[in-house]
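Chains as they are written, first to last, in this note's numbering: chain X, 1 to 113; chain W, 1 to 113.
There could be a bad hint or two in this list.
[Unchecked claim] No farther apart than 25 Å at their CA atoms in a straight line, the calculated lysine-lysine pairs in the DSS-like style are these:
no., chain 1, residue 1, chain 2, residue 2
1, X, K23, W, K6
2, W, K101, X, K67
3, X, K104, X, K69
4, W, K76, X, K101
5, W, K6, X, K21
6, W, K67, X, K69
7, X, K21, W, K69
8, X, K107, W, K101
9, X, K101, X, K81
The set of hints was computed from the structure by calculation and includes no laboratory data. This one's a predicted model, so the numbers in the text were calculated from it and none came from an experiment.
Protein chains: 2
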Amino acid sequence: MEERVKLSILLDLYGELLTEKQKDVMDLYYNDDLSLAEISEIANTSRQAVHDIIKRCHKLLVEYEEKLKLMDTKFKIQQVKKCLLDNIDDLSIQGESNLEKLEKIKKYIIDNI
Amino acid sequence: MEERVKLSILLDLYGELLTEKQKDVMDLYYNDDLSLAEISEIANTSRQAVHDIIKRCHKLLVEYEEKLKLMDTKFKIQQVKKCLLDNIDDLSIQGESNLEKLEKIKKYIIDNI
Numbered sequence: 001m002e003e004r005v006k007l008s009i010l011l012d013l014y015g016e017l018l019t020e021k022q023k024d025v026m027d028l029y030y031n032d033d034l035s036l037a038e039i040s041e042i043a044n045t046s047r048q049a050v051h052d053i054i055k056r057c058h059k060l061l062v063e064y065e066e067k068l069k070l071m072d073t074k075f076k077i078q079q080v081k082k083c084l085l086d087n088i089d090d091l092s093i094q095g096e097s098n099l100e101k102l103e104k105i106k107k108y109i110i111d112n113i
Numbered sequence: 001m002e003e004r005v006k007l008s009i010l011l012d013l014y015g016e017l018l019t020e021k022q023k024d025v026m027d028l029y030y031n032d033d034l035s036l037a038e039i040s041e042i043a044n045t046s047r048q049a050v051h052d053i054i055k056r057c058h059k060l061l062v063e064y065e066e067k068l069k070l071m072d073t074k075f076k077i078q079q080v081k082k083c084l085l086d087n088i089d090d091l092s093i094q095g096e097s098n099l100e101k102l103e104k105i106k107k108y109i110i111d112n113i
């Protein structure tokens with residue numbers, strides 16, 4: 001996975017563990033794709049400070065993932081969801097009542113997993 | 001939920017974010033139900049230090065849950081799992097092939113969600 005995409009996902013999963021300022025800087029860098037110079041202007045801080053925040057938080061986010069593996073779990077759940085839906089589609093069900101129930105089950109899976 | 005049970009679950013979910021020593025002390029207190037005096041002997045530290053670790057880590061674990069809501073998510077997923085299995089049992093499916101497939105789907109849900 002591209003590093004920028006990965007960091008954007010990690011920021012989404014673990015952003016609450018950062019301070020507001022750290023989260024804002026990381027968001028501007030990884031999601032809005034702004035340069036250090038642009039972020040330093042918005043955050044009213046030096047380019048070097050922005051660089052340090054990004055470096056430090058990058059390390060923190062990767063460490064959180066090593067410990068809690070939420071991104072890993074997220075991808076596994078997505079696979080489980082896809083596999084479940086594929087298996088349901090593979091059933092040869094007849095009868096309107098059953099078909100309706102199956103559609104409800106599929107919708108429930110799509111909405112809740 | 002009883003506080004001790006809740007803290008045991010939080011420790012299971014967020015224990016990796018604590019230091020080894022913090023995790024060990026919390027484990028002895030919340031999972032093995034040892035007294036401060038017993039833990040201080042095992043951990044070779046003062047009773048006061050053990051008390052401070054438990055108090056600080058209790059706060060940390062609750063804060064992690066407020067931010068990441070993994071316990072909340074865990075319970076929701078358990079409900080989703082139960083609801084899915086109930087809904088599958090509610091289907092009136094006939095035919096050996098379909099019944100086998102449904103059993104496989106149920107086993108897959110039980111093992112993976």
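Is the straight-line distance between the alpha-carbon of W:K101 and that of X:K67 25 Å or less?
-> This hinted pair is violated, its Cα atoms lying about 36 Å apart.
Take the C-alpha atoms of W:K67 and X:K69, compute the straight-line distance between them, and say whether it is at most 25 Å.
-> Measuring from Cα to Cα gives roughly 16 Å; hence the hint holds.
Would you mind confirming whether the straight-line C-alpha gap from W:K76 to X:K101 stays at or under 25 Å?
-> 21 Å, holds
Quick one, are X:K101 and X:K81 close enough, alpha carbons at most 25 Å?
-> 18 Å, holds
Under the criterion that the straight-line Cα-Cα distance not exceed 25 Å, is the pair X:K104, X:K69 satisfied?
-> Outside the cut-off at roughly 31 Å; violated.
25 Å limit on alpha-carbon distance, applied to hinted pair X:K21 and W:K69 | Measuring from Cα to Cα gives roughly 22 Å; hence the hint holds.
Does the structure keep X:K107 and W:K101 at a Cα separation of 25 Å or less?
-> 19 Å, holds
Are the Cα atoms of X:K23 and W:K6 separated by 25 Å or less?
-> It is violated: about 29 Å lies between the C-alpha atoms, which goes past 25 Å.
Between W:K6 and X:K21, is the straight-line Cα distance small enough, at 25 Å or below?
-> 31 Å, violated
Of the numbered hints stated above, those contradicted by the structure are hints 1, 2, 3 and 5, listed in ascending order.
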